[in-house]
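S.K.: Chains as they are written, first to last, in this note's numbering: chain R, 34 to 124; chain V, 11 to 330; chain A, 335 to 1174.
These are computed hints drawn from the structure, not numbers from a lab. For clarity, every value in this text was computed on a predicted model and none was experimentally measured. You may find that some hints are simply not true.
[Unchecked claim] Here are the simulated distance ranges between beta carbons:
#, chain 1, residue 1, chain 2, residue 2, range
1, R, 91, A, 982, 31 to 39 Å
2, R, 69, A, 979, 54 to 62 Å
3, A, 1102, V, 52, 51 to 59 Å
4, R, 37, A, 1047, 33 to 41 Å
5, R, 91, A, 1089, 56 to 64 Å
6, A, 852, V, 71, 39 to 47 Å
7, A, 1102, V, 235, 40 to 48 Å
[As the list claims (entries may be wrong)] With a straight-line Cα cutoff of 20 Å, these simulated SDA-like cross-link-like pairs (lysine to any residue) come out:
#, chain 1, residue 1, chain 2, residue 2
8, A, 698, V, 65
9, A, 698, V, 77
10, A, 890, A, 859
11, A, 880, R, 92
12, A, 698, V, 59
13, A, 698, V, 58
14, V, 330, V, 273
15, A, 880, R, 95
16, A, 982, A, 1143
Ideal placement from N, C-alpha and C gives every residue a C-beta, glycine not left out.
Below are the chains, spelled out letter by letter.
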Amino acid sequence: MRTWAILLGGLLVWTVHFFGLYAVAEIAPSRIATVLLTLACLAADGWLLALALRLGRADAFAAWRRSVALGGVALSLVAVCWQALPPWFSG
Amino acid sequence: MPAETDLKAVLGGWPPAVLDPAGPYSEPVTLLSWALLVGGTVVLLIVLTALGIALWGAPALRARLGGDRAIWVGGVAFPVVVLSALLVWGLWLTGDLAAKAPRPGEMRVRVTGEMWWWRVAYLDEAGRPVMQDANELHVPVGSTVLLELDSADVIHSFWVPRLAGKMDMIPGRRNLLRIQADQPGTYGGQCAEYCGGPHALMGFAVVAHTPESFARWRAARLAPRPAPAASRGQALFMQSGCAACHTIAGTEARGLAGPDLTHVGSRRTLGAGILPNNRGTLAGWIADSQTIKPGNRMPNYKQFDAEELGALADYLATLK
Amino acid sequence: MRSETGFDPALLDRFPTQDERPEGEEEQLKRIWCAPRGWEYLTVVNNNYVGIYYLGTAFLFFLLAGMLGLLMRVQLAAPLMDVLPQATYNQVFTMHGTVMMFLFAVPMVEAAGVLLLPQMLAARDLPFPRLSAYAFWAYAVGGLAFFGSLFIGLAPDGGWFMYPPLTSKAYSPGINTDFWLLGIGFIEISAIAGAIEIIVGVLRHRAPGMSLDKMPIFAWAMLVFAVMIVIAFPSVILATLLLEIERAFNWPFFDATRGGDPVLWQHLFWFFGHPEVYIIFLPAAGMMSMIIPTVARAELVGYRLIVLAMVATGFISFGVWAHHMFATGLPPMTAGFFSAASMAVSLPAGIQVFSWIATFAVGKPRFNTPGLFAMGSVVIFVTGGLTGVMVALVPFDWQAHDTYFIVAHLHYVLIGGMVFPLFAAMYYWIPMVSRRALSERWGKWVFGLMFGGMNVAFMPMHLSGLMGMPRRVYTYLPGSGWDMLNLISTLGAFMLAAGVLLFLVDMARNFRLAPDDGEAGNVFGAGTLEWLPTALYSTRSIPVVKSREPLWDDPKISDDVEQGRYFLPRSATGRRETIVTSPLLAEPQYLQIMPGPSVWPFAAALFTAGFFLALTVQAYLFAAVSGVLGVLAVLRWLADTDLPVPEKDVDIGAGIRVPTYATGPQTHGWWAMIILVIVMGMIFAMALFGLAFLWGNQPSFWTPPPPMTCALPIATGYLAIIAAAWGTRVLHRVGKSWAVLPVLVAAALAPVLLWVDIGDWMAVTTPQSGGQGAAVFGLFSLQGTVAGIGVLMAAYLCWRKLRGVIVDRASNTLDLACLFVAYTGAQGLVGTLFARAIGA
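Next up, chain R with everything else stripped away, as it sits in the complex:
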């Protein structure tokens, strides 16, 4: 489980962010809520980033796991930032 959590962490954060935003927009649209959610998810990504950077690279599998985890966090950061934009343009 731990390895899966490391591999998928960044993308799980994206998932929480996306569906959280969708719920906010559908149930009670509020910019503040989206900002708080985005900050929480960025913090989670930051924590995952720090965690992944500390992972060992001793053998091929560990090195692979580390780079997939880092890549996942990187994609998640981009996608979360993009996702944070719409509330500011919806008038």
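Take the given structure of chain R and dock chains V and A to it, following the hints.
M.R.: Below, chains V and A alone, put in the same frame as chain R:
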């Protein structure tokens, strides 16, 4: 031939409607479209060049392409920059173009999608219908018009590309769409959501007038209508069941199932944007609409002979 | 990470073994995995056969749906043509889309997985061979019957997306729509069966040493593909179920005049429908990532990034469904989230494209047929991807949506992203199963015609769309300026078809199935395990994997494998068997005994298909009989499984011993049950979403639900079910053989609780009275189904117990029945509380 020009009301022709905007609710999208089309072509050429280099390039060039760095630059960094810019543009435009509540004093029209035609009701300030029409919408040039889009049966989609993007008409919901035409003229549209049967033959026309001419048109429409002189065509219309489905204001024809025919004689097209409107097509439509537009809700009236059809067509043509 | 299961990795260094293998081992394997004869072709379960059947059937549907496409192109070649009457055209375009998506694309890639995965992972077969056979037969029979509806004019005509209210009883009174709903709903069951098979196979049946970082990229693609099916397909299964119930019993889920909402259908459909595109694309991309390194004679550049890209696609593609609904009047903020996610999902695609280009760049690319198709695929797919970015922008989509621009876009994406990789794959892998490779000379013609035809057919559609031509039109008027573009498209379509025809001729000339032996082999010089010498039992011995391209890195491996110098060079128990390994590092865990050929999966599939077809034509008695026979056939096939063997543990090579029977959370059966429970849970979760959605959008139709306090006894009852199911497992493990009783009682309690709950609700509303009633009783219907299956499982468990087949304290059948009954309780608990909370 006037019939030919009338049919220009239908969608199509050159230049492509999406790239030939006629108002402020389509023009920014055209700019975006051009940016996307040109930008997309450039990116495609870049990728093709990269592929070409990978396959046939000089070893030094190929070496630069062959590594994780090239993937990060080409597959991540470059798209992130381009897509960020596009996303902001798209979001900004979305917020700008999306219609919310009516503005004070704005002209409002309710367009209801029906299988397979459009019911048009011009509304007053309070949103009450003041006049009825079908398959054609008259607007003044230079001011915005708020369309309330409803559906009477299945999902349709209202689309007049030179004036705005499309918006679905969904049972149980009322969507809003704002349009504005900057030049007088006729702008074609067509139902864009598959609605069964003759969905392909569900056209629409927006006719834009100068403000003065629009005011005259509106006044004429709202003026009380003198009872039409009794005619053979009128008699046939009232006796043959036509009145059960169609309304002609000022007569006992008050059917609501089909298009309002009070002004049918002045429409650009027949059968929802598919035929030019003249005596011949009127007669042909009455006799055999099922061949012209298979599956439409109006039965064929084969019982009329040529003379009766002519009388009916003459009568309908007088309803301006 | 040194060890995952406590297995000492140093043991793997014992291979390849040096001593001679005893005589007769290979003959024994051949005998156990013997080829079918005569009618046994209907009872085979081996992936070498089922995979080929599957691929052949899926390709047949490609040809059929392609012909429908040609018919459409003829009709649209000029304005007001009269080749296909309106009603026929509407059926034809509906069937073209439906068959391509549901009967060709998904089954085709799933079939490729069934055929290729065991070979690539060096497993003897997929984990549940009988389930594969069942899934195939159900799909083949159901699919052909569904397609047949076209010949009697009863094919569905509501579009492949089947939007209500057009597809509701009021506007589609005929049974055409029911063919779609029951036919497709049923075929999805077989897709899910395949997905379970693939997930467990990829994670638990890899050759020892093949840790996740050494897994062939196609296996990664299939893993993500299968997980996506598990998450996405329940949504469409639920949607079809609800619409069929609305049509049959007048429960107004989608009827806006009675508190339903047609937009709910769109959410449910596209929550499946967009991931579906990636479900089709990912396996094809996986094929590309296997073929391109061979074509370029170089290791795949950016393997890690591609794995990341595939997994990321799997996630992000679930955040884009509403980009099909931008024109439905979504609030701009919501539309914006979907637009942003649609941008994000293009990043992984870019990563893969540049990885392929980089791989070409480092290697020495060959311009053979698989290579040409791969290169052509990149060009076409990138074009489609770029128009995809365009339509991800809401304002542009408002113009392009539902026009021929979208038709162009989706065909570029799907032909570039799936069909071209598939043709590359056929040229590439056919030597693995055929005595002769396909002709390189013909192949270049096939590629040229298809590539040219594709572009000639679909490039002009971008323009006809921008000129205002809507989709799904059976004709258009003269004078619209679309004539010439449409004519060109039609010519291109025929050019594309000529390429496919040429391919068929080439197949007829050169394809000679050799499932047993004598296949053309590794003609392209690939490096992965599927190119080891194989017979029906796959490889003679199961190699230790030390790299991603073992055949390139260890030239002796083929010979060593063939000489039995690796794992399991014989049948250790005299039955069909394979090694189950751990999910991360692939350390050997236990030996799985696999079931052999059986007529029961075939019979079960026939009866299931009969059940659904009979429902469609409203032959209810026949349906009931067929349904019961189907269930009995499944139970009969299960009766042969989960039987312990006399040998408790066996030597699987080099003195390494593993057990022959394992129970608990580490077993393949447990994993499969967990996945099944996730599927059921997803169906239920989507139904909960439906209830909440209707409440949010049609609040004026809402009546206050029964009070929460009345739910307390029911909720307590459901908790008791969970506890009893779990208790059974614990008690049985400590030797209480009467302990099957608690789970039996628990299973029987579930329908009772449901009955009580229904009683409470009947006082408030009825299923026909409005959207709320329909949605709540929809939840109850799902709960009733699950409870019924729970009762069946518990009864089956008791039957096995009475027969004396469950002798050990730990039993898989017992575990799995308990798991399911516990799920029954959990779902009931959530449902009863949720339904009362919404709108309370």
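S.K.: Confirm or reject each hint.
M.R.: Hint by hint, here is what the structure shows:
1. At about 36 Å, the CB distance of residue 91 of chain R to residue 982 of chain A agrees with the hint of 31 to 39 Å.
2. Range check, residue 69 of chain R to residue 979 of chain A: Cβ separation about 58 Å, and the 54 to 62 Å hint holds.
3. At roughly 58 Å, the beta carbons of residue 1102 of chain A and residue 52 of chain V sit within the given window of 51 to 59 Å.
4. A beta carbon spacing of about 39 Å between residue 37 of chain R and residue 1047 of chain A agrees with the range 33 to 41 Å that was offered as a hint.
5. The hinted range of 56 to 64 Å is satisfied by residue 91 of chain R and residue 1089 of chain A, whose Cβ atoms lie roughly 59 Å apart.
6. One distance hint, 39 to 47 Å for the beta-carbon pair residue 852 of chain A and residue 71 of chain V, holds here, with the actual separation near 44 Å.
7. For residue 1102 of chain A and residue 235 of chain V, the Cβ-Cβ distance of about 46 Å falls inside the hinted range of 40 to 48 Å, so the restraint holds.
8. With a C-alpha separation of about 8 Å, the suggested pair residue 698 of chain A and residue 65 of chain V falls inside the 20 Å cut-off, and the hint holds.
9. For the hint linking residue 698 of chain A to residue 77 of chain V, the alpha-carbon distance of about 15 Å falls within 20 Å, and the restraint holds.
10. Annotation: proposed proximity of residue 890 of chain A to residue 859 of chain A holds, straight-line Cα distance about 14 Å (limit 20 Å).
11. Simply put, residue 880 of chain A and residue 92 of chain R have alpha-carbon atoms about 13 Å apart, close enough for the 20 Å limit, and the pair holds.
12. Proximity of residue 698 of chain A to residue 59 of chain V is assessed by CA-CA distance (about 17 Å); at most 20 Å being required, the pair is judged to hold.
13. A hinted pair counts as satisfied when its Cα atoms are at most 20 Å apart, and residue 698 of chain A with residue 58 of chain V qualifies at roughly 18 Å.
14. Note on residue 330 of chain V and residue 273 of chain V: the hinted pairing holds, with a Cα-Cα distance of about 5 Å set against a maximum of 20 Å.
15. This hinted pair checks out: residue 880 of chain A and residue 95 of chain R have alpha carbons roughly 15 Å apart, not beyond 20 Å.
16. Distance restraint check for residue 982 of chain A and residue 1143 of chain A: the Cα-Cα separation of roughly 14 Å lies within the 20 Å cut-off, and the hinted pair is therefore satisfied.
Violation of the numbered hints given earlier is absent; every hint is satisfied by the structure.
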